[in-house]
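Visitor: One letter stands for each residue in the lines below.
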Amino acid sequence: MTMERATPSPRAREAESPVLDWNQIYLELAPRVYNYFRYRLGQEREVEDLTSRTFEKAWAARDRYRRDLAGFSTWLFKIAQNLIIDHFRSQRNQVSIEHAINVPASDITANDLERQSDLSRLALLTRVLPERDRELVALKYGAEMSNRDIARLTGLSESNVGSILHRLVQTLRAQW
Amino acid sequence: MTMNDDFLHRIRIEPPRYFIADLKTRLDQTAKDQTRRLSMQFRGLIMGGLIAGAALATGLFAARILHPLPLDGNSPSLMAPSIVGNQPPRLRSQPSTTSDVAEAPSGKSSGADKTGRLGIGASVAVAAHIKAATGYMNRNLNLYPQFAEPTVSMMSSNAVFASLCGAGGDSIGAAVVDRRIFPSELDVCHRLGKRIAELKIGYEAIALVRSGLYDAPKLGVRSLFLALAREVPDPLNPGELIRNPNTTWDQVDSSLPNEHIDVSGPPLSGATGIALRELILKPGCSTFPTIAALKETNPERFKDVCGAIRADGVYQIREGSRNAGNNPSDFTDYLNANPQAIALLGYQERTLRAWNLAAASIDGVAPSPSAIRSGSYPGARAIYIYADTAVSHMRDFVLAVWSSVGNPPGDALTDTTLMSVDSDEERGLWKQVLTLPELKLQREEER
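Those protein sequences? They're chains U and X, same order as listed.
First residue of the first sequence: 1, per the numbering used here; consecutive thereafter.
First residue of the second sequence: 1, per the numbering used here; consecutive thereafter.
These are computed hints drawn from the structure, not numbers from a lab.
Given the structure is predicted, the values throughout are model-derived calculations rather than measurements.
Ideal Cβ placement from N, Cα and C applies to all residues, glycine included.
Part of the chain U face toward chain X, derived, beta carbon under 10 Å:
{"#": "1", "residue": "Tyr39"}
{"#": "2", "residue": "Glu44"}
{"#": "3", "residue": "Asp118"}
No farther apart than 20 Å at their CA atoms in a straight line, the calculated lysine to any residue pairs in the SDA-like style are these:
{"#": "4", "chain 1": "X", "residue 1": "Lys200", "chain 2": "U", "residue 2": "Leu27"}
{"#": "5", "chain 1": "X", "residue 1": "Lys431", "chain 2": "U", "residue 2": "Arg32"}
{"#": "6", "chain 1": "X", "residue 1": "Lys303", "chain 2": "X", "residue 2": "Arg230"}
{"#": "7", "chain 1": "X", "residue 1": "Lys431", "chain 2": "U", "residue 2": "Asn23"}
{"#": "8", "chain 1": "U", "residue 1": "Lys57", "chain 2": "X", "residue 2": "Arg36"}
{"#": "9", "chain 1": "U", "residue 1": "Lys57", "chain 2": "X", "residue 2": "Asp33"}
{"#": "10", "chain 1": "X", "residue 1": "Lys32", "chain 2": "U", "residue 2": "Trp59"}
{"#": "11", "chain 1": "X", "residue 1": "Lys282", "chain 2": "X", "residue 2": "Pro238"}
{"#": "12", "chain 1": "X", "residue 1": "Lys295", "chain 2": "X", "residue 2": "Met155"}
{"#": "13", "chain 1": "X", "residue 1": "Lys32", "chain 2": "U", "residue 2": "Trp22"}
{"#": "14", "chain 1": "X", "residue 1": "Lys32", "chain 2": "U", "residue 2": "Ala60"}
{"#": "15", "chain 1": "X", "residue 1": "Lys32", "chain 2": "U", "residue 2": "Leu27"}
{"#": "16", "chain 1": "X", "residue 1": "Lys200", "chain 2": "X", "residue 2": "Val152"}
{"#": "17", "chain 1": "X", "residue 1": "Lys431", "chain 2": "U", "residue 2": "Asp21"}
{"#": "18", "chain 1": "U", "residue 1": "Lys78", "chain 2": "U", "residue 2": "Ser146"}
{"#": "19", "chain 1": "X", "residue 1": "Lys295", "chain 2": "X", "residue 2": "Ala308"}
Label-pair restraints from in silico Cβ distances:
{"#": "20", "chain 1": "X", "residue 1": "Thr151", "chain 2": "U", "residue 2": "Leu125", "range": "54 to 62 Å"}
{"#": "21", "chain 1": "X", "residue 1": "Leu429", "chain 2": "U", "residue 2": "Ala174", "range": "35 to 43 Å"}
{"#": "22", "chain 1": "X", "residue 1": "Ser374", "chain 2": "U", "residue 2": "Thr74", "range": "36 to 44 Å"}
{"#": "23", "chain 1": "U", "residue 1": "Ser159", "chain 2": "X", "residue 2": "Ser370", "range": "40 to 48 Å"}
{"#": "24", "chain 1": "X", "residue 1": "Ala390", "chain 2": "U", "residue 2": "Ser159", "range": "49 to 57 Å"}
{"#": "25", "chain 1": "X", "residue 1": "Ala148", "chain 2": "U", "residue 2": "Glu131", "range": "47 to 55 Å"}
{"#": "26", "chain 1": "X", "residue 1": "Leu50", "chain 2": "U", "residue 2": "Lys57", "range": "34 to 42 Å"}
{"#": "27", "chain 1": "U", "residue 1": "Arg64", "chain 2": "X", "residue 2": "Leu429", "range": "27 to 35 Å"}
{"#": "28", "chain 1": "X", "residue 1": "Leu143", "chain 2": "U", "residue 2": "Gln170", "range": "50 to 58 Å"}
{"#": "29", "chain 1": "U", "residue 1": "Ser159", "chain 2": "X", "residue 2": "His393", "range": "49 to 57 Å"}
{"#": "30", "chain 1": "U", "residue 1": "Ala174", "chain 2": "X", "residue 2": "Leu143", "range": "53 to 61 Å"}
{"#": "31", "chain 1": "U", "residue 1": "Ala174", "chain 2": "X", "residue 2": "Tyr214", "range": "45 to 53 Å"}
{"#": "32", "chain 1": "X", "residue 1": "Leu429", "chain 2": "U", "residue 2": "Pro130", "range": "37 to 45 Å"}
{"#": "33", "chain 1": "U", "residue 1": "Ala174", "chain 2": "X", "residue 2": "Lys440", "range": "53 to 61 Å"}
Whole structure, please, built from the sequences with the hints as guidance.
Guide: See below:
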């Protein structure tokens with residue numbers, strides 16, 4: 001082993017293990033988690049509450065991920081997945097069609113309204129899909145995760161994720 | 001619209017600004033609490049150690065009193081054979097009792113002013129937002145003592161920057177203004193060692209509206225000045241100013257209809273009234289060369305002519321007015337029943353939609369978020385906050401003000417003229433909001 005290998009320069013060490021900028025991470029991940037819940041719920045109600053709870057849980061132990069953004073992001077979405085499972089469990093037998101109808105927030109624009117109505121329609125179409133497929137749609141398009149990250153989170157293979165999503169989009173397009 | 005990958009991505013929206021700011025504040029608080037808890041635990045550990053050490057020392061001392069060691073200090077088992085015989089005992093020198101603990105320096109806290117209240121200078125009416133921001137901080141940050149509501153002083157933008165940099169009158173900790181700071185003004189701050197951060201917090205915009213049952217009026221800054229100012233140039237002798245005689249719109253502009261000038265709005269001392277004078281009347285009166293010349297020769301007179309609105313009933317104060325009170329239903333009923341009636345409002349897109357109002361175009365540009373943000377609508381301007389970053393809680397305060405601008409306090413009919421930056425701008429500004437980096441300007445940016 002050479003001396004250079006044994007004691008990497010401070011610059012090299014920094015490049016390998018940068019200290020995470022939590023402000024930046026929050027700004028990057030908050031919209032993704034928020035939209036993950038929107039896609040999962042198909043509506044705006046309770047999205048803010050679930051997003052808040054996800055971040056509050058994650059922030060309480062974020063120091064464990066001081067130098068590992070990929071690990072933190074996966075862990076964050078794992079928390080989000082668990083929360084949505086708990087949410088559906090507690091809401092079982094209470095879900096009604098009204099949940100698919102949006103109550104517009106006071107400060108949303110016309111574009112937002114259009115997007116919300118598209119989201120409601122998407123929710124009606126995905127309602128008949130298996131739980132796993134709905135989760136994949138939310139992770140891919142709401143959370144904007146790569147197939148590789150989805151594979152890591154769901155335990156599926158990366159190619160499997162790609163082919164399932166391809167088939168799902170075709171199915172949704174046919175019904176749209 | 002075709003359902004495909006792109007479409008599925010486009011259903012995403014940006015989370016509401018108030019939500020992102022609220023959650024961020026809570027998370028920051030959680031992080032602070034955690035640090036405090038860890039620090040307490042560490043201190044507890046140290047204290048425990050000290051107590052245990054003291055107890056041990058006391059125990060040893062007591063044991064020594066009760067069971068004195070041989071006077072030569074050696075334990076019996078280790079006692080060296082004496083070669084001197086019965087020598088008198090040697091007394092050991094006592095250890096030094098001087099404490100090695102240094103006193104903590106008694107430094108002074110920086111940031112807060114003498115009264116503990118943050119001073120804000122503003123060239124824009126923002127009192128309602130400052131009040132909302134104070135409430136937001138006290139509700140969300142668990143501050144003790146509570147964050148005192150800042151004092152807001154209205155002044156010109158030149159005076160605001162002079163105060164911010166401590167060069168004139170009372171010093172302030174933050175400024176809300178309708179223009180960017182000049183490099184020369186910033187230099188003054190730097191020379192005094194102040195670190196100033198800049199943030200665009202949104203736009204100030206007003207609208208003149210009519211009921212949506214009728215066509216939107218087409219007005220201009222010049223015609224509005226001639227319709228609403230207290231004094232206007234004499235048509236027969238433009239060098240002279242006379243009491244405003246105009247009562248119909250075609251008298252101020254022949255292309256406008258022969259309808260009574262009937263404009264109502266909030267009290268002129270409020271945000272909307274100030275914005276009307278600054279954004280519409282002043283540019284309108286400056287289109288008359290004789291009045292524009294007063295700016296150099298007689299600034300006080302210029303201010304008086306361009307800022308005074310007629311009080312002969314053509315402009316009706318909405319507050320307390322029987323026809324158009326503060327009740328939205330009375331207000332819209334009045335506009336619906338009076339096709340010629342025009343109302344002055346702080347521009348809020350959702351209010352126009354909700355109440356079915358048609359906003360007047362001014363000099364050919366109708367108000368819209370895009371026209372306001374691009375700067376093409378004359379009734380709007382960008383608003384900035386400048387903050388002395390050394391003042392305590394400044395980052396939280398700026399975040400709170402920023403959040404409040406995105407969510408106007410109370411009903412939209414209250415005197416609110418500010419609207420937030422759009423989501424594209426917002427994305428670029430978030431980092432600044434959260435970190436308040438020091439502003440540095442190049443010389444060539446001046447004017």
